[in-house]
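Participant: Next come the chains, spelled out residue by residue.
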Amino acid sequence: MASLIACPHCGPRPKEEFTVRGDAGITRPAPDAGEDAWYAYVYLRDNPRGRHKEHWHHTSGCRRWLVVERDTMTHTIYTVTDASAEGETA
Amino acid sequence: MIGAVHRDPIAMRYSAFSVFLNALRGNKGWTPAWRSPVPKNHYDVIIIGGGGHGLATAYYLAKEFGVTNVAVLEKSYIGSGNVGRNTTIIRSNYLLQGNNPFYELSMKLWEGLEQDFNFNAMVSQRGVLNLYHSDAQRDAYTRRGNAMRLHGVDADLLDRNAVRQMLPFLDFDNARFPIQGALMQKRGGTVRHDAVAWGYARGADSRGVDIIQNCEVTGIRRENGRVVGVETSQGFIGCSKLALAAAGNSTTVADMVDMKLPIESHVLQAFVSEGLKPFIDNVVTFGAGHFYVSQSDKGGLVFGGDIDGYNSYAQRGNLATVEHVAEAGVAMIPALSRVRVLRSWGGVMDMSMDGSPIIDRTHIDNLYLNAGWCYGGFKATPASGFCYAHLIAKNEPHETGRAFRLDRFARPDDR
Amino acid sequence: MADFALLHRPALAGAKSSSFGAPSTGARITLTALPEGHVLHVLAARGSGDLQGLIPRIGDGTPHAVRPYGPGQWFVIGDAALSAAEIFGKTPLLDGKASISDQGHGRVRIGISGPAVEAVLAKGTAVDLALSNFPVGHSAMTLIGHISALISRTGAENFELLVLRGFAGNLWDELIQMSLEFGVDARTGK
Chain A
212 MASLIACPHC GPRPKEEFTV RGDAGITRPA PDAGEDAWYA YVYLRDNPRG RHKEHWHHTS
272 GCRRWLVVER DTMTHTIYTV TDASAEGETA
Chain B
2 MIGAVHRDPI AMRYSAFSVF LNALRGNKGW TPAWRSPVPK NHYDVIIIGG GGHGLATAYY
62 LAKEFGVTNV AVLEKSYIGS GNVGRNTTII RSNYLLQGNN PFYELSMKLW EGLEQDFNFN
122 AMVSQRGVLN LYHSDAQRDA YTRRGNAMRL HGVDADLLDR NAVRQMLPFL DFDNARFPIQ
182 GALMQKRGGT VRHDAVAWGY ARGADSRGVD IIQNCEVTGI RRENGRVVGV ETSQGFIGCS
242 KLALAAAGNS TTVADMVDMK LPIESHVLQA FVSEGLKPFI DNVVTFGAGH FYVSQSDKGG
302 LVFGGDIDGY NSYAQRGNLA TVEHVAEAGV AMIPALSRVR VLRSWGGVMD MSMDGSPIID
362 RTHIDNLYLN AGWCYGGFKA TPASGFCYAH LIAKNEPHET GRAFRLDRFA RPDDR
Chain C
69 MADFALLHRP ALAGAKSSSF GAPSTGARIT LTALPEGHVL HVLAARGSGD LQGLIPRIGD
129 GTPHAVRPYG PGQWFVIGDA ALSAAEIFGK TPLLDGKASI SDQGHGRVRI GISGPAVEAV
189 LAKGTAVDLA LSNFPVGHSA MTLIGHISAL ISRTGAENFE LLVLRGFAGN LWDELIQMSL
249 EFGVDARTGK
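Protein chains in written order, with the working numbering: chain A, 212 to 301; chain B, 2 to 416; chain C, 69 to 258.
Source of the hints: derived by calculation from the structure; they are not laboratory data. Take the hints with a grain of salt, since some may be wrong.
Stated by the list, open to error - Reference listing, derived: stretches of chain A covered by chain B, where coverage requires no fewer than 3 residues with Cβ under 8 Å from a Cβ of chain B:
| # | segment |
| --- | --- |
| 1 | 226-233 |
| 2 | 236-246 |
| 3 | 281-290 |
Note that the structure is predicted; figures quoted are calculated from it, not measured. Beta carbons are placed, not taken as given, at the ideal position from N, Cα and C, and that holds for glycine.
With the rest of the complex left out, here is chain A (with noise of 0.2 Å):
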């Protein structure tokens, strides 16, 4: 994982003082959606190897929440946004 994650509320900050959550790729279906849904939603990963879209929570500083795109393998950070402009809530 990167050293340092750019929060776009407080700057480049250490990773440590941010929580992950896991990713940010899956959307929460609906109460009635059907088993076989919440199944996939609750269980099943893509667990990509290289680029990956995750939650991470800024705990120790502003307490957003923030979508990060990242390198599995290499640890990059390609971009990080406030989760609240991605328009979706997982």
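Please build the complex by placing chains B and C on the supplied structure of chain A, with the hints as guidance.
Facilitator: For chains B and C alone, coordinates are given in the frame of chain A:
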């Protein structure tokens, strides 16, 4: 004993006598422990992944189930993955029904392994102690110990004084985490991890299995809904059955057949210190944080902690976790504050969604899956190989591995 | 009716209060336990727009009373203790665009100052505290070592740290440690 396929002088039998004889001959009589064959066009079984589990699977396929036309494909070299990156601990101190008999089968196989595959794996049943720091934790460990005993596994609950006699250097009166005692499995311990890979590789090879290193699988070819072979960096290789054993990278391989897994890849770090005089006789785990330690025969303290916490395919971790592990270690053994760490490294774990592994058939008839070992794969190596070989050979799960279904998340009830 | 009276005891009442470290380097650090007056946490309502100009209405009018630390989030602090009624009385001033929660019991202020103050804090945080980057009046929520704190610059050589009450004693001790090379006078006000 060496099996019927004794077709190569490489498969010499190791013994005290052979060591003596070779010493007299200037140690010039040793030959490679396994061949480096050119891949055949077709195998009955191809195993993707030459780690501990893949090699053990090949070994038991050949030895126990008579399936010898087998290839193990390894993208790098034998021992480059997690079998050479763990903290070498073996134990079968599990609570739950689906787990305990499986890990106990593994323990029993460990106990006979060196004689079985004629290789010194330095199996050392030095005892594993899980420290407890509160009444509640003592009760939980009592329950676990009782569950172990009901399954026929050895377990002893030690009080504070008993632990103090064994491990006087622990911080018993730590203000936050005073040590009240430990749950001990005397039959637990450590095994020389590389030797496990080498021993299984040699044992499989001598029974006719082809171990093909530097052979990365890049695609899985299917015809009429069945696997017919794999595309590799050494060309196409056909097979009747394909078995995945690529934990850490299971998703990457499963992607080739559009199979989405309940798995994330995470990095776990391990550490070894400078060599010290004999100091820690057992394996000891901290009950108030993530820390476990033992001492190798060379004197280095071998220790580890928790996964770094984010998805990673890189075999390296970050410093915040190093600090966290060191803090937990010093909280348990204050003297560690003066020990220097020689090396640290990372291994990539298949983290399954319930912390248990998967040994099962898949949606494709002749494709089998062994995955999801989280950070507990090493101790499971023999049983994993044994149960997986059973599954591949008979197309039926072995009794003790029956709980590790792929579809348990979707359908929790037993079939 | 309460069975017993709640006794407010300052978080740093029992903390170390003396001089430590190098006798005199000409760059001594001063640590001060600041009055536990009021700490108001202000959160903007969703979609309420830019409230930067609105928030000072609930402050006591002193410089640096308002400390922003993220989108739609502020701490408003002051030396005077406020009653619950006084705090509720401030809510209408925000025109329904933000809410106030009293954090007076939850967070504690520590003053730290001296010529070497930037060097001391840099041991704990990665935030660039150079005056050019972090001018007077600027605030940042960050980690100091393992402890979250809001750092605010109140002067060229003066900062205030706002920290969770339970961590205040720990941070106090760490700040003394971090300041030893320059010498430090720690004052809890006793």
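Participant: Run every hint past the structure and note whether it holds.
Facilitator: A quick look at each hint next to the structure:
{"no.": "1", "hint": "226-233", "result": "holds (count 4)"}
{"no.": "2", "hint": "236-246", "result": "violated (count 1)"}
{"no.": "3", "hint": "281-290", "result": "holds (count 4)"}
Checked against the numbered hints above, the structure breaks only hint 2 and satisfies the rest.
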